[in-house]
Amino acid sequence: METIIIDGLSFGLPLFIMAIGGIYSERSGIINLAIEGLQGFGAFFGSLSIILVGHFFDIPLQKLFYLALLLSMFGGMLFSTLHGLLCIKFKANQVISGVVINILSMALTIFLTTQINSIVFGAMSDKFRIGTSNRFTIEFLAKIPIVGAAFKNIYPFQVVILIIAVFAAYVLNKTRFGLRLRACGDNPHSVDAAGVEVSRIQYLAVMISGALSGLGGISFAYSISTNFSPAIYMGYGYLAIAALIFGNWKVLPTFGACLLFGFARSGGYYIAQLLKMPSTFSDLIMILPYVLTLLLLIFFSKANHPPRALGEIYDKGKR
Amino acid sequence: MIRAKMNKAFLKIFGKEEWYLVTIPVFLILLSFIVAAIIIIFLGKNPFLAFYNLLQGSGLAPKPAYGGHKSMLTDFLSLLNYMTPMIFASLSVAIALKGGLFNIGVSGQMLFGGFFATILVGYSGLDWAIAKPLVLIVGIIGGAIIGGLIGLLKHKFNINEVVSSIMFNYIIQYVFSFFIHGYYIDPVSRQSKYISDASRLTLVNVQMFNLKMDLSIGFIIAIILAIAVKVFLDKSRLGFEIKAVGANHKGANYAGINVGRTRVLTMLISGAFAGLAGVTYYLGYFASIQPRVLPSMGFDAIAVALLGNLHSYGIIAASFIISIIDKGSTYMSSKAGVRQEIASVITALILLFSACSVYVQHKIQSKKDNLEYKARKEIK
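Quick note, the sequences are listed as chains A and B, same order.
Our numbering applies: residue 1 is where the first sequence begins, and numbers increase by one.
Our numbering applies: residue 1 is where the second sequence begins, and numbers increase by one.
Here chain A stands alone, though its shape is the one from the complex:
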């Protein structure tokens, strides 16, 4: 039971922060399917920089944990400007742009990883080893039965994610910027009439979404594999999108959806272990979050209300 909660949280929270990024972008009217690519590029950027810093300044990688988080956010943000440019400036189809960004990110990071590994480290490898992250336990809270497991073996990034998530939810729902952002997704003309540049807010929203995706990506790199490798493109970005659709583009229901995915995944592994299934069955357990997504979407998609101007390119002259 404890492992289900511990693993479920360490999977669900990175998913959640990526989904919040998606909410920011989509509430501003820009469809963001690029989350998958952005999280990969963010993780790539973060792990590459700490490996280079660690290599040239001889610092143990464990100490660079927070630097990695920060730079991953920066990397994700950097790459997301491309999505912003394509969607807002070049008026590309937003769905296609998102998929293009994903393909480009995957091709580019795999190419650069092997290239940099062979040039800088002289190794044939498509991985950056970034070391494991420390985990900690809050002793007095961990003693509470069942719920206490949530405070056991916490990755530091989980705390960072929670803080940022609360802050992001506050900004989105309670500040003037958040109001304008949401208005961009529902009725951009009203924002324009109020004297605010729509494209500027949309650029910011896409960049925020890139930064948060990058944070999610590096968290996956730390928690699942302790390295950056092409295996990071497991479709978790798409899972985050499913979570936010399921959560009706609102922060709190999305949080629930992400936790559900997390627990479904860890619970599946737990059951497989309990029944002593052979390892080939892990393939069947891997599909649990995806099947769950489909089933939930079947039940909840009808009641969903996406932002009204989602996917439309804002055109000042249009009525």
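Some hints could be false.
[Claimed, not checked] Mimicking DSBU-like on lysine-lysine, the simulated pairs with C-alpha atoms at most 30 Å apart in a straight line are:
1. A:89 with B:45
2. B:363 with B:5
3. B:250 with A:302
4. B:335 with B:63
5. A:89 with B:374
6. B:5 with B:243
7. B:212 with A:91
8. A:127 with B:45
9. B:368 with A:89
10. A:316 with B:374
11. A:91 with B:8
12. A:63 with A:127
13. A:89 with B:8
14. B:70 with A:127
15. B:212 with B:193
16. A:250 with A:302
17. B:363 with B:230
18. A:276 with B:45
19. B:193 with B:70
Treat the hints as calculated values from the structure; they're not laboratory data.
Knowing the structure of chain A, use the given hints to seat chain B on it.
Only chain B this time, still in chain A's reference frame:
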């Protein structure tokens, strides 16, 4: 002054309105290759040599040496063999996009059709005259099932087709990986067992002119079907309905077209083409399935379809170009020492630029208008 002249020359080549369907993709491809060349120069390699190696690797330019029973022709036939599933997959993407649907699940549908064709026909030992058509039929049905299901989910439950097809991609990939690992694995190659030659859609090692060639049956079918798709979209009633729904589904609904039904049918046809791509890929170009891997071709096909302007002939041309990059990259990486992964970067760049094709067209047009305006002013 020089800039104005360059502008004029540029517009003379690319600015002819009636040729936009050709000139803009060519311009975008040129742009991608320029960017790729910069990357290759940055790596300290000669880009022209690398690009020439791409042509050599795909049988469009002679290699310095060939192995026994091999020549430029065999390389070229192998390119056609590789190109076949690409054409099918891109047609699949194009048909869906014409109907306003984005089928990103082509990879999964390919695997679905390919897997069932492999286990039902590939391992059956049937005679070739029955096996080969049966493979095609199983592929078509398999792909159409998944495609139609995605369309149905969109119609009945309002589920975004992008999300559902991605979920299907993962489910199909893992479930079939489980079955292949469990029942059909070849312990040496770590892939599924090879299918019988009778059921394969490519005739391998055909002896002719003292050469051993791979002849793709699927290629001929692909060309015929590409033309058929064009006729279907241009002339048939359903084709018109698909395009009408894609252009404006509210308008189509108002005109009395059953939007939901048309969408399901669009995805059904799109899925069938993806299934054909799957069988020509897994039971043609290859003869086995690698478990736990989705063919990246299903995603590259999006690039090809966009590059070909969703037009049948354009898609054949675009498949040809992208196949050269894919197929030639192995030879390029061994000869020029440029990593093979650069091929997917080039493809991704082409994709990136073709996503902006509308903007490029708009830019070229406005440049042209500007120039004409100036010229008229000078005359006055």
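Results of checking the hints against the structure:
1. A:89 with B:45: Distance of about 34 Å is beyond 30 Å: violated.
2. B:363 with B:5: 17 Å, holds
3. B:250 with A:302: 18 Å, holds
4. B:335 with B:63: OK: residue 335 (chain B) and residue 63 (chain B) at ~11 Å, within 30 Å.
5. A:89 with B:374: 26 Å, holds
6. B:5 with B:243: Violated, at roughly 41 Å.
7. B:212 with A:91: 49 Å, violated
8. A:127 with B:45: 24 Å, holds
9. B:368 with A:89: 20 Å, holds
10. A:316 with B:374: Between residue 316 (chain A) and residue 374 (chain B) the Cα gap is close to 27 Å, so the pair holds against 30 Å.
11. A:91 with B:8: 26 Å, holds
12. A:63 with A:127: With Cα atoms ~20 Å apart, residue 63 (chain A) and residue 127 (chain A) stay inside 30 Å; holds.
13. A:89 with B:8: 25 Å, holds
14. B:70 with A:127: 37 Å, violated
15. B:212 with B:193: Within the cut-off at roughly 24 Å; holds.
16. A:250 with A:302: 16 Å, holds
17. B:363 with B:230: OK: residue 363 (chain B) and residue 230 (chain B) at ~29 Å, within 30 Å.
18. A:276 with B:45: 53 Å, violated
19. B:193 with B:70: Status holds; Cα separation ~27 Å.
In summary, the numbered hints that this structure violates are 1, 6, 7, 14, 18.
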